[in-house]
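S.K.: As you go down the protein sequences, you meet chains A and B in turn. Read in the numbering used here, the first sequence has 770 at position 770, and its numbers run on one by one without any break. Read in the numbering used here, the second sequence has 157 at position 157, and its numbers run on one by one without any break.
Keep in mind that the hints were calculated from the coordinates and are not lab data. Among the clues, some could well be false.
Derived DEER-like restraints, expressed as beta-carbon distance ranges [what the hints assert, rightly or not]: (1) A286/A x Q150/B: 39 to 45 Å; (2) G289/A x T243/B: 34 to 40 Å; (3) H241/B x S466/A: 39 to 45 Å.
Coverage of chain B stretches by chain A, computed from C-beta distances (three or more under 8 Å per stretch; other residues unrestricted) [what the hints assert, rightly or not]: (4) 64-74; (5) 77-84.
Virtual Cβ for every residue (Gly too), placed ideally from N, Cα, C.
As a plain string of letters, each chain reads:
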Amino acid sequence: MTAKRLAALLCVFALCATLCSCGNAVKTAGGSSLTLWGESSGVKYLQNDGGEAAASRAASHTSLEVSMVRNETEAVQLMMYAKKDIAEYNVTVSDLVCGDSIIPSSAIQVYDELYQQFMTTTRPGNPDYAGGMIPDPLLPMATAVEYGETTIAKGDNQAVLIDITTTAGTAAGLYSGVVTVTADGEEYTLPLNVKVYDINIDDGDELQTVFAILDRDQFASAELDSSDAMAEAYFEMLLKYNMSCPLPFEGNGGAERYVELLRKYYHYDGFTSYRLYYETAGSVYAGVGTNVNLPLMQQYIYAIAMASVEDRVNYLDKAYAYFYTDVDEPDVEEEFLRAKETVNLYFQMLYDCDEMLRSELIGTDDYHYYVDVVSDTLTNIPDVIPGSYDINDVKHYGLDRLTVCPELSAMSTPADRRDYAQGRDFVDLWVYTCWGPVYPYPGGHTDDTQLSYRTIPWMCDEFNWSTYLMWSTSDYLWREHGEVITDPWGEMHTGQPRPGDGKLTYPGATYGLKGPCPSLRMVTWRDGADDYQVLNILRRLYEEKGLDASVALDAIYREIYDVGLIPNRDNDRFDAARLSLLDMIDNLKAGTDVYYSEVAVGIKEATIAFVPASSEAVVTLDGKQQTPDAEGVYRFNIDLTKQSRFVFDLTVGDKTQTYTRQLINGVLGAVESFETIGDLADCIVSYISDYKASVSEDFAHDGVKSAKMVLNSAAVADTVPYFAIEKDSALIGGSWKGLDSLKAYIYNPSDEMINLSVSYYTDEDTTMDVFELPSGQWTLVQVTFPSAEELADIDDIQEIDFNFDRGQSVTVYMDSIATVKEVAAE
Amino acid sequence: MKRIISLILCAILLTVSLCGCAEKQAVNDSADPKTPSNRLELGERRNNVKVTDEATGETYYLLGDFENYFEATQIKYSADFGKVDLVSKSEQADKVTNGEGSIHVTISGNESTWHKRRPNIRFSTTNAFFNLTSDFSDLDRFTLDIYNCQDYEVETRFLLCTAIYDAVTFEDRILTNPNYEYSTAEIYTLAPNSWTTVEVPAEVMRFVNWDTTGKAYLVSGSDALSAVGAFVFSFDRGELHETPQEFYIDNARAYMKSE
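Work out the full structure: start from the sequences and follow the hints.
M.R.: Here it is as structure tokens:
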């Protein structure tokens with residue numbers, strides 16, 4: 001037997017031993033066929049991962065843990081790994097008990113997760129899902145048992161999703177219960193612990209969502225039903241997942257029926273928007289022919305306004321117009337001009353409607369309510385056109401009143417976000433995902449990381465995007481030719497170039513159910529939208545103090561996605577960030593936390609300022625009691641070359657808590673801000689023939705100057721323009737040891753995107769990372785040094801090279817360069 | 001001799017068995033309601049099956065027999081068609097004309113919402129289940145059994161769709177636009193409270209095309225049938241009637257010319 005074979009056998013033995021021990025780590029009653037463990041709702045494992053998930057997670061996740069607020073539904077997952085074929089299983093959950101309080105089992109829904117075979121993935125760069133059996137459809141457990149879906153093949157994973165719902169009256173506390181699994185006569189139990197915070201989700205504003213069912217054809221063939229009753233079943237189910245669709249209305253019954261539906265659903269949780277009904281028979285309005293029947297639309301708006309006055313409820317405040325059959329995703333001049341004509345006519349129709357209502361109501365008791373509450377809403381009902389068009393086109397074509405809704409990745413840089421928002425304060429900025437974007441950006445595709453969809457509501461909160469739009473939810477038709485999909489439970493996701501796009505639900509009729517079945521993506525969206533409400537609660541607490549919660553939230557956002565909108569894919573890190581948000585609110589309400597008024601991180605220094613929630617709080621730093629200024633503000637300056645985080649103690653009464661605010665990742669080492677030519681010489685070199693470096697006042701990220709590099713590789717054909725930071729430079733001082741990363745800001749003054757590749761050179765080049773430098777802005781470029789496994793002696797690196805496209809002439813500015821020490825060195 | 005008799009008996013049994021298959025398309029789908037009946041594996045789908053009518057010797061494609069949920073969901077019900085319920089012969093023998101099942105439909109529909117499209121049922125040749133050739137140049141006729149539940153006569157309209165020409169979308173535009181003098185719909189009358197086998201000869205099937213100057217012209221006969229996307233029947237929108245119209249539908253066949 002060769003050493004290699006022996007090693008392989010040992011590995012197998014080790015794996016078996018691990019799996020066995022995983023099983024033993026869980027409290028079981030008579031069962032040995034399954035390994036069980038708990039996961040939050042933010043992960044999904046391939047069905048056929050070869051036991052990898054069980055081996056790495058089961059021993060440390062021996063219970064199901066949930067943190068949630070009142071009046072919320074939050075999910076957790078039970079994972080099972082089969083050590084032999086399982087012919088049948090079932091999962092039940094007990095009441096959850098906290099002292100005298102109970103979350104009854106009737107408030108807990110259990111779903112079996114079904115798996116779909118993916119032959120290819122839309123996300124070839126995503127290491128999490130290279131293809132395989134991916135979970136997405138959720139089938140009620142009782143139905144799964146009834147239809148024989150509860151089998152597990154030996155060596156496979158099987159996930160079960162558990163939804164727990166609290167009410168406004170659920171008492172805060174730690175609830176405990178038991179999840180029981182029966183499988184082929186064996187019984188297993190796992191603890192389920194639910195921490196309910198004393199926070200009511202309804203104290204925060206809901207995120208406005210626009211999810212659509214474009215028409216009933218999309219689900220009719222799979223459900224064999226396009227009746228109003230089926231449409232309402234879809235509508236109501238989607239509302240439970242914070243997905244607000246157009247009202248279930250197809251024109252029958254006219255405005256009277258439409259208002260009736262609006263009155264019914266307006267106060268439902270999750271009902272945050274509705275697309276104004278319109279027909280496309282064509283009409284003439286104000287002497288202009290239009291594809292949209294604007295006079296009919298005006299009748300509906302008029303009826304809604306009158307109902308608003310009658311009920312003293314402004315039903316129009318959730319309305320929007322989206323003439324998707326007329327203009328969508330404009331790209332060429334003709335489409336922009338048609339969009340302009342439609343938008344202008346639409347707003348003229350609104351103004352005319354307003355005049356009609358004022359004339360109708362003047363002299364009545366309703367007039368003042370209309371004028372004070374409804375009128376302004378009516379004349380500003382948004383008209384949205386999604387698309388990744390350039391914001392300059394919107395300005396160029398005079399689409400001033402248009403509500404812009406770019407695809408999420410179009411706003412991936414701070415400059416993009418600024419461009420879309422600037423000068424349009426009177427119009428909300430929406431965002432959408434659809435066919436695109438794809439990995440690594442978040443979206444609703446089936447083969448994305450489970451956590452991905454949950455991050456979008458967080459982005460909406462940070463960047464003040466008022467509304468998220470998804471073009472469809474329940475399209476069981478082939479997008480290419482509109483014919484029915486043979487098996488929506490499997491085929492619609494595996495055969496589509498963008499699996500899951502516009503297809504979030506599954507037809508219940510397949511399993512004898514009236515109405516749709518949900519998906520894992522819907523759960524993760526719902527939980528993200530709930531997070532948005534919790535974020536809003538924190539914002540309100542800050543507003544009460546006259547402060548902006550963004551100062552506190554910045555650190556949490558960065559744990560969830562980076563400034564380029566790329567989500568963190570580490571679910572444990574997400575869970576920790578979310579818990580810190582819940583704890584922050586809880587502690588602020590209890591008076592045992594601080595309101596941050598300023599956290600400013602510079603190149604070498606940071607400033608942090610806060611006000612304790614309780615006026616009786618005592619702040620202690622390094623054992624010394626601190627004194628606030630006259631306004632009660634505690635202010636500190638931190639040397640980032642000595643510490644990366646700020647730690648202090650807060651004492652209220654007899655309770656002392658330690659708080660940590662992370663400022664940067666790692667402690668800064670050498671820092672350079674290029675204020676003199678000597679600074680430049682200490683740091684940067686280049687060996688290409690046509691290279692010019694200077695210290696310039698053109699742009700500065702830190703101080704008043706930066707290093708200007710002009711690299712003309714075009715002068716010598718087929719060379720790569722680059723500059724380098726050498727190990728022996730004054731900045732580095734002859735050794736890279738103890739360094740974690742190198743970071744710098746680079747400014748692109750050109751009108752075009754510049755590609756940058758950063759590599760280290762030993763006796764050959766090894767790429768560390770690649771970057772896109774958008775036009776007209778500073779981009780943070782940070783590269784991590786190779787680990788000891790990757791490179792035995794880090795000092796074999798002679799230089800770090802900043803390489804641009806071969807044969808190009810490039811001018812860039814660099815500033816605020818710094819080395820970052822490994823955290824352990826702090 | 002015994003051996004010969006056995007062989008003859010086997011041959012008879014085999015013939016009977018094959019005839020049975022021809023008479024009624026065999027579908028490996030359980031009627032057990034506890035089976036999620038559209039979760040068939042690809043290999044179980046009935047691709048490109050041509051059936052021979054035992055009585056007449058004619059061959060046809062069975063494009064809609066509505067034997068179970070899976071089959072019924074392979075038909076597209078469009079423009080707010082309404083509600084479709086499966087009907088079994090054991091419960092309503094007089095409402096099934098072929099095999100063991102049919103559908104009962106209650107039409108909804110609102111043309112204004114649907115860009116002037118009428119509620120329609122669409123027998124596609126191109127979905128993954130049937131996977132038929134789209135070349136129906138040898139089509140003789142298309143037939144569909146419709147039971148009109150109303151106590152008055154009702155019209156249904158047959159339309160031919162190609163892969164790129166959606167006849168339903170253009171139906172009324174062609175009728176109402178003075179530039180287009182053609183209708184592509186064939187109108188059939190359904191007698192009250194009875195079955196009608198609507199029989200559409202290939203000769204009358206047609207669609208409209210436009211030349212480079214924008215002038216419309218008809219394409220008909222085998223030229224029209226070389227790339228069929230779907231055979232479609234449309235109905236009145238629901239709101240035109242005090243009570244929604246109801247029908248039973250079964251046995252959609254595309255008969256091919258004798259070889």
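S.K.: Hint by hint, say whether it matches the structure.
M.R.: Verification of the hints:
1. A286/A x Q150/B: 39 to 45 Å: About 43 Å separates the Cβ atoms of A286/A and Q150/B, which means 39 to 45 Å holds.
2. G289/A x T243/B: 34 to 40 Å: holds, 37 Å
3. H241/B x S466/A: 39 to 45 Å: holds, 43 Å
4. 64-74: Held - the region 64-74 of chain B has 4 residues with a Cβ nearer than 8 Å to chain A, which meets the minimum of three.
5. 77-84: Contact hint for the region 77-84 of chain B vs chain A: holds, 8 residues under 8 Å.
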